[in-house]
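**Student:** Starting from the structure of chain H, add chain F where the hints point.
Listed below, chain by chain, are the residues.
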Amino acid sequence: MSFVTIPTEPIGSIPRPLSLLRAIEEAGDDAAPQLMPLYEAAVKDTVEQFEATGSPVISDGEQRKYHNFWTYCVHGLPNMAPDGFKIPFAAGHTRRMPRLTSAPFRYKRYADAYLEVAQRYAHVPIKQAVISPSALSLLYPAEGVPGYTREEFIEDLLREHETEVRRCLQRGAHGVQIDFTEGRLAVKIDPTGELLHRFIDLNNLALARFSAADRQKIGVHTCPGGDRDSTHSAEVDYADLLPSLFQLNAGNFFVALAIERDRKRVLQIIQKYLRPEQRVFVGVIATIDPRVETAEEVCERVLEAAQYIPLNQLGTTDDCGYSPFCDDTSTTRETAFAKIRARIEGTAMAAKKLSLR
Amino acid sequence: MASTESEDGLLRSAALQNAASILAARQRMERELVAAKDELAGAVARLRATLDSTTDAIVVTDGDGTVIDYNGQFLRLWQMPAQLAASRDRAGIREFVSRQLAAPGPFLARVEEIQAKAPPETFDIVEFADGRVLERHSRVQVVNGATVGRVWSYRDITSHRLAAAELREQREWFRVTLASIGDAVITTDLNAHVTFMNPVAEQMTGWSNGDAQGRALEDVFHIVNEVSRERVDHPIAQALREGAVVGLANHTTLLSRDGRETAIEDSAAPIRDAGGKVTGAVMVFHDVTTRRRAEDALRDREERLRAVVHQAAVGIAVASLAGQFEEVNGKMCDILGYSEAELLAQGFAEITLPEDLPQTRANVQKLLDGKCADFTHEKRYVRKDGSIVWSRTTVTLLKDARGLPQRFVGIVQDITQHKVAEEALQRSEAQLRAMADSIPQLAWMAEPDGHIFWYNRRWFEYTGTTLEQMQGWGWQTVHDPEILPQVIERWQHSLRTGERFDMEFPLRGADGAFRWFLTRVNPVKDGQGRVVRWFGTNTDVDQVKRAEDALREETRVLELLNETGAAIASTLDLQALLQTVTDAGTKLSGARFGAFFYTAKDESGGVFTLYTLSGAPREAFEKFGHPRATALFGPTFEGKPPVRCDDVLKDPRFGQNAPHHGMPKGHLPVRSYLAVPVISRTGEVLGGLFFGHPEPGIFNARAERIIVGIAAQAAIAIDNAKLYEAAQREIAVRAETEQRLRESETRLRVSLETAALGTWELEVEKGIVSLDHRCQELFGLPGRATVSLEEWVQIGHPEHREARAELLRKLSDGQRERYDIEYRVAGTEGWIKASAKPVRDAQGQVVRVTGAILDITDLMKARATIEERQRELERLVTERTASLQQAIAQMEEFSYSVSHDLRAPLRAIHSYAETLLEDFGEKIGPEGGDYLQRIMKAGSRMDRLTREVLTYSKIAREHVPLGKIDLERLVHELVEQYAPDHQRTGAIVVASPLHAVIAQETLLAQVISNLLANALKFVAPGVAPHIRIWSEKHGDLVRVWVEDNGIGIEPGHQDRIWGMFERVHSNEAYEGTGIGLAIVRKAVERMGGRTGVESDGRSGSKFWIQLGAAGE
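Protein chains in written order, with this note's numbering: chain H, 17 to 373; chain F, 95 to 1206.
Calculated from the structure, these hints are not laboratory results.
There may be inaccurate statements among the hints.
[Said to hold, decoys possible] Take a look, some chain H residues computed to stay more than 12 Å from chain F by CB distance:
(1) 49
(2) 56
(3) 183
(4) 201
(5) 215
(6) 228
(7) 312
(8) 361
[As the list claims (entries may be wrong)] In silico contact screen, one side only, chain F against chain H (beta carbon under 7 Å); selected entries:
(9) 101
(10) 104
(11) 107
(12) 112
(13) 115
(14) 117
(15) 1119
Backbone N, C-alpha and C fix where the C-beta goes; we use that ideal spot for every residue, glycine too.
Same shape as in the complex, but just chain F:
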């Protein structure tokens, strides 16, 4: 970087170099300027010379109107002195000019106006006082785009003006002449260019004279042949060519400029000058439109009339008043099979079928009498070939101007086909009705507006109604009033839209009972798709419907039985158990109220009674006491078979006992009665289940079977509960015994510490045992202070005697230093705890043995009691376990047999339906086939339901050993197994790693696969499922999520979905049994976990299960 000084220097240097260059540029420009000035001077001189040599006078004024330039001719024309022109003296020049003019005022005014307004160009005429006439022309002067002044030029036109005036006069004369004639006139020059048009020609061609002048004649005068529409040459060309008059071709139409057409006629002639030379041509023409139009119209009308008659699609004939044909058209000949000539030789009477002649004659007479203007009737003609043709014939009378009849005109329409079709229709409808009468369905027909006008016989047979009652909308009386509004709404919809009607609803039979019918109504449409009739059938589907209802009902019962079984099996509280059984029995049997009377013995052998009620408050029974062993109640308490009455009031066993002889006052009203004994496995009658209903005939055999099943379950449960109670009691006893033992030991300890022990001493040498007072007392040897060794040994119970003797010997021999022993005292229940030690002399020789004894009889007794109790308890536990296992096995067997027994008939239904469809499908027809499909579908669904219920009940009961489960592996296996496609396409994403959980593998697999199946299933139509599985660990819990993009679950439904048979969507929309999620919840609960779902009801669901976390 250069220093500042050197930079400044550089700048200076550069600037000065620039300066030199700029100077050079300036000098160059100055030179160019000088050259340009010279050139300009030359150009100005040339311009001046040019101006001076022109014949026009030219003067230039500046913006203020001051003369600034002029040429020599200007001075000459105005005879103006050059000094004045050059003086710039505006006033002087004006004054000079004014003197020479005929009318100076207007001239000056015009000049002022032009100066003020500065129009781009002006033209006017200036008249001098001496008679000269000048054309004046002026233009603004523009220099470099700016207006700087004006250039004026003057030209002497005096002689032109005189000639023009004369010509103008002549022309006017011609114009007036031509304008006043009625014909159109066009003149042209030799080139056939228009030179003149008179007003008539202007009007006809649409061209004004001014516009037309100078144009080629064919542009203005456009003529075509009125028929061929081809262009026609104008006659002027010919006139010019031939120099002679030429007429216009006929049928020529002139097309005007605005599209009007005029029929014209006329001629052209050449125009010759004074010397006879052709200088142009004239054409004269006039409008013939009106005349031609009248001619055309007349011709046209005739033609049309003829065409109408001859081409008519109906036969037309004109006949004399005597009936003789005078004119016939082609169609008439076709209809009758005669030629025109043959027909004209006959009258209508000859060709009319004789049977129809009288009617024809009568009508003709009416016509002739003036009673009608015309008549139309259907009649038959005999064709030439002898065949009969049906016709619709209309006859009119033609009258003359005075109103007198002249002849007949007949219009004949062949309606043979229509007649044949009508007859065929009548036949076919009769057949249809006959057929409809013979089918087993109810059938009927209605007008397009729904008005029923016909029913088949079966309808009337079934409903017991008459056509009068049923017609129109009378059918509503045989409908169930509750369902009728829906039926009407659907039927109205079909009537509005023309869509087929398809619905199941009950119809009342003649016997007053409703049966279910599948009603189908099909529209009969015409060629245009309009409904012309409705044909409806009602097919009796009552059996199917009832079978479906029965299946549903059985499912419900099964479910309740399961619930009841599960509930009572898990209840050990007797009162609660009885209540559960009572509630379930009331619900399942359909009773209004129920009771369970339970009789049992307490420990002391006393009898006591418990009872539970359902469907009625306790007060309703409290005052009546326990039911007595009456004829009605007795058998139940005796364990006899169930008692079931449709109406107790009519039962002979009822009302035989004093004091009430029937139900006591205030007793709940009972008509239907069902009582079942509850009998334990040992055959003991535990009590009875009693159900009642104020209506008669409520309890059927099925209800009885169900209650018997419940009673069996109840008996097992009561046994269990009793066992449990017994065990509880034993546990209480044991606790008490232990307590006593503890107290006894305490006492022993106290006596050991405080009471004097019994002591004895053996003198080894002498073999004598000295006893103290306590010993004597304990061993029952009062007063004997010494006993022999032998006697001492005998004191012990034989079973302990040997051992005791051995110990004594060893102590005496010095082999042992001490012994402790417990032994029984011979001949008593007493027990002794004894200990002894040797006493040695100075040489170490054992000289004596001393011992102490303690009475432990109480202690030993207590021990024995405990052992006994323990054994008893073990026995009870074993017994109870066996009993529970048996109960569970029975429960399972019950569930299995219910499901199995239910499935067997289902399989039969399914296979018979299948066989029926295969073997008799054709006979049954599509509708029958449809019903069979429905039966099979319902059966399959029932089967699936039953299996799932089984699964559920198994999960609810099975032992669930829990262990660590590798969730990651399990989920991958399941996904691979159940949805390999989805896994491949990435529809299922498993966010690894998944945390290990505490669970049971089979159950967990069932849970995950149920959730996966739901996620794949419940997606909106056309949406590809997308599922994401992940887990979260919170402390010692793991939550596993299954998220989908499905249809979601409304928050209001989210609790409901976990129940059995709960479905949010119809079976049509999504196939399923409604047990899957119930299984999920039950299984997870069995594994000690919880379940849940999150969804906004629109965009998918997030199901979760929560289980214990397995340590890593």
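In isolation and in its complexed conformation, chain H is listed as follows:
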């Protein structure tokens, strides 16, 4: 009998405490100095609650990612206008991106700053999520930026992304997860798949800057884009997306699966396209579903995935972050951690069953 261990990791965000959200609202500025102790307290509490679930790998819950997972790195830059592209979500609401107004493109902050805070309190490894270059490429407006070509922008974008990932790795992140939720959006925008391929090219250009060993620590997360418990591209078929996704030269893939209507079909696609050096963490928790899964349910989903994916390439995760946008209060912290606990317990349960097999 051999012991099977199935790695399990969160995606990233956890709803911020309501007290923090209220304080931000009162301050009118999410970077107001008086909020700093509250952010710090929120991170500390998140880490403690995460650890209490028995998670072997945790995140900082993205408590300090001002604004959201997409634009945190440019939020507050003077050369950003608020009237960028509108990202439509299924429930009818939209999120508007910022627009680059002048050269050069630089990050205002790198995600390793968040990692540093969480490390102060954590006793287990911490992963850090960063935004993909392809997502940020949409900052460049259709009409262009005077004196700053699209090519120059792409080059700056790649360098900034590389810097961010390296800083996280150097700071000792367990892994760096590139949030690539716009993959399905790309298919939606351009059903020919051309845009998706270019997004993958762009991300691969970024990944090519890292060694194979580094790439084993880099993962890519894709999902329909959860926000306020709705998605922007759930209608896009995974079949259109996944073959291209596994062309990304990353070591790990975090794929939303729990909300898929036909999980078997998706698993078959993954089975077909997953490369030997790649590990896929399948979503076993439907983060947009307010119901808390039982460990047994999770266990069932893992066992189902194990029928298609070799055990040494299988991991589990949540479908998505619990609160990718900071003002999203549709899921409570209690629910989030209860769901995470179900993931941990269900995955362990499945690993035990698989060991006995």
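**Tutor:** Chain F only, in chain H's frame:
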């Protein structure tokens, strides 16, 4: 804002444009990749060529130890077929290699170990079975920071190994040789770099051979001149330069690496090779420390001894047993004034003062007899110039090894100065004592521990003691036992701290009486500040002390007199008044008990007696009745001068009367007796004040004066009370009279209404008046029914007759229609009230006059009585007012004269003290001056007290007309007047507006300024005063607050501060009389108000006064 569709379009457009750019970037990168691959291929080819051309055999293994690369030399060295090397067949290659080795087992084991532990670098030797020897070197291979395998290189060193073995053998031989010799050996190369050190050299230099090798010799071999400590060149340089043997300079010290010093000696020589060429140098040296140290020590000891003798601060001489000087030092020559040569020509006997010679000889003999090891005595020498020098000489006998005396050694110390000083000290102390004996103060001296060893004569004269009684701590017996503990505590403190002692306390004189002394003790200190002696004086300050006590006592008496005066002047109840007078008299005279017997006449002329007691219960007298007119009591009741006895038992007037012949049994014990009559202004004896005390000699003239004063006040007060009583009685009488009048009028009214009036009628034509029965009765005309008009007119009293006749005429003439008149009846006391009317005929002609009369005699009498009573009452009021005014005037005069009379001697004391200080200040000296200052200060204070008491008593009595006062204006004026500086700096804040109050301006000004002065005064040292004044209106009252940041008043003291002479703080801390707040309270009470204070005793006080509010 664009529509959703167009926004989606824009997004698509931008995304696709991005896609194009990304594609371009990807293609560019692919091109770069191809170029990089080409470059890499070229680099790999170059590397391969390089590897193949090296003479070393190189082989590369991966992490598992599989051969993955090698060069041609590897194949040649191991004679390995290329197929095998390229086969990745680990086992095959190992087997092949093992066959060629001398010891394959260890080799393979080593390989396994290196693979397992993966050390960064290894080096070892591999021996082949065919005798070849290979150096093997390996290193981990790191690619991009990760260990991927190992690179091994092999080099054939067979020929090197053979040569090295031979060399090693030779070296060992030399090493053993050099290690076994006792001298240190260092060899160097041509550059003077160390090539070898033997163990002795290692030990001496502190360097190991290994550490020293290759170093410059001067780093290792550090030598200095042992005297100059300058660096000395090592001899090897010279040996190398000159090619010859060189000796080391003398007095060379080697400094080792760890700081040790070794004296060394030796030489250096060049080393030559077989061809005679100099190839280096050798240096041989050894340790000479021990030898040098012995030499140095001997020299040093000699020098020290010589120095001790010659530089000694005492004279030293060595003399033969015959006393002849054999050696003397410089100091000896100095002391005696001879040169060394002159002294050596003499013996000690020649220079000793002849008087001291016998003693010297005796001591020398004792020494020679072995009775002592040495002796020391003080003796005198005669100097060369004939002067005498005092010395302390110590003589020791020098003996040889067998213990036989050889010579004397004398140590001579010049103590002439010390002797002179000692004599001077003795003289000066004798002088001091003589002087101390002559001063008027008591004086004494004590050891540093307080033990008194000397008193001056005055001390013994005053205390009547002897030195034996007083010595040490015997002085305590002349102290007041109650004060002694404080004295001892203070004295112990001075002894502990060395501080000056300064205190006033009484000392008992030879006559047993205590007198107050100011005692000052000063420490006498030596140069180091240590107390060597205490010098104390006791100065008689009894007079001053008693004067101060007397002043205090007078103040108290004045206060009591004032209180008494005020109390009795305001008391109209006779019994209460008598009690007040009795209590005050008892208190002021110092009596144990007192009585006031008061004799008066009541309205009916009867005599009655009242009495009051103080200091004894009423029962103590009740059974004895009123004192009789005995020889002792009589004069007082007769208004004769006061009777004062120091002891009644010895008074001839005492005990002459039956039945008791003295005090009746059970009477309070009386020895001291004082009796003063109380006489009214009219000369009437009102009674007597009697005081007693069980001790004799209690009442002095002063007590008598005070009681006489009180008796005078009492007399006035009793008169007042009597007047008041009389007035009260009059008022009662008047009320009664009025009542009677009212009753009389009632009666009249009733008689008018019910009784028949008298009526009459005049027939104008006939001139006849008809009278009815009542008229006849009233006018005393019984039976006469008619009278003539003339007769009718005559009935009236002459004073009313004319008026009545005129009225009758006018009625008859028709000029009047009616008259009403009151008149007296002629010849009687009777009064008549009459009215009349005319009666006309048809033509209107007056034919008759009819009238009615009423007897009003009683009414008129009553009226007269009332008028009389009113006049009497007015007279009484006027009289009483005058009397009261006089009493008050007398009271004021009394207060004034007491204060004035008291102030006059005070001014005299002050001015004489001042004169004394100015004119005789130098003679009196600073201490006397200090006393005079104290007297003047006490006098000034007494003066101020007296003035304030006057103010107080004036406020207590003066008429206080109240009116509306603008408090705001008044306070501002006062602040400007009294504290302009504080007002300017904002120390005083007036919270305007202040409410107007009902008050009297002068009094209110006095109150506010007293409160301000206190607030400014009672602040902690160094604290700037801060005062706030505001007012609050509550209904028809206004409360004025004065808040300060001063030292505050403990809640326990807050009632006390309002009394006369009450002070919470010492006069030293805060100057004042203690009357200011008493004045405030009295003044405010006179203005119908109240006062108060709030304070927690720490952070300031809030004083308030409450007065009536003035309408706006």
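**Student:** Check each numbered hint from earlier against the structure, then list the numbers of those it violates in ascending order.
**Tutor:** Those not satisfied are hints 4, 5, 6 and 15.
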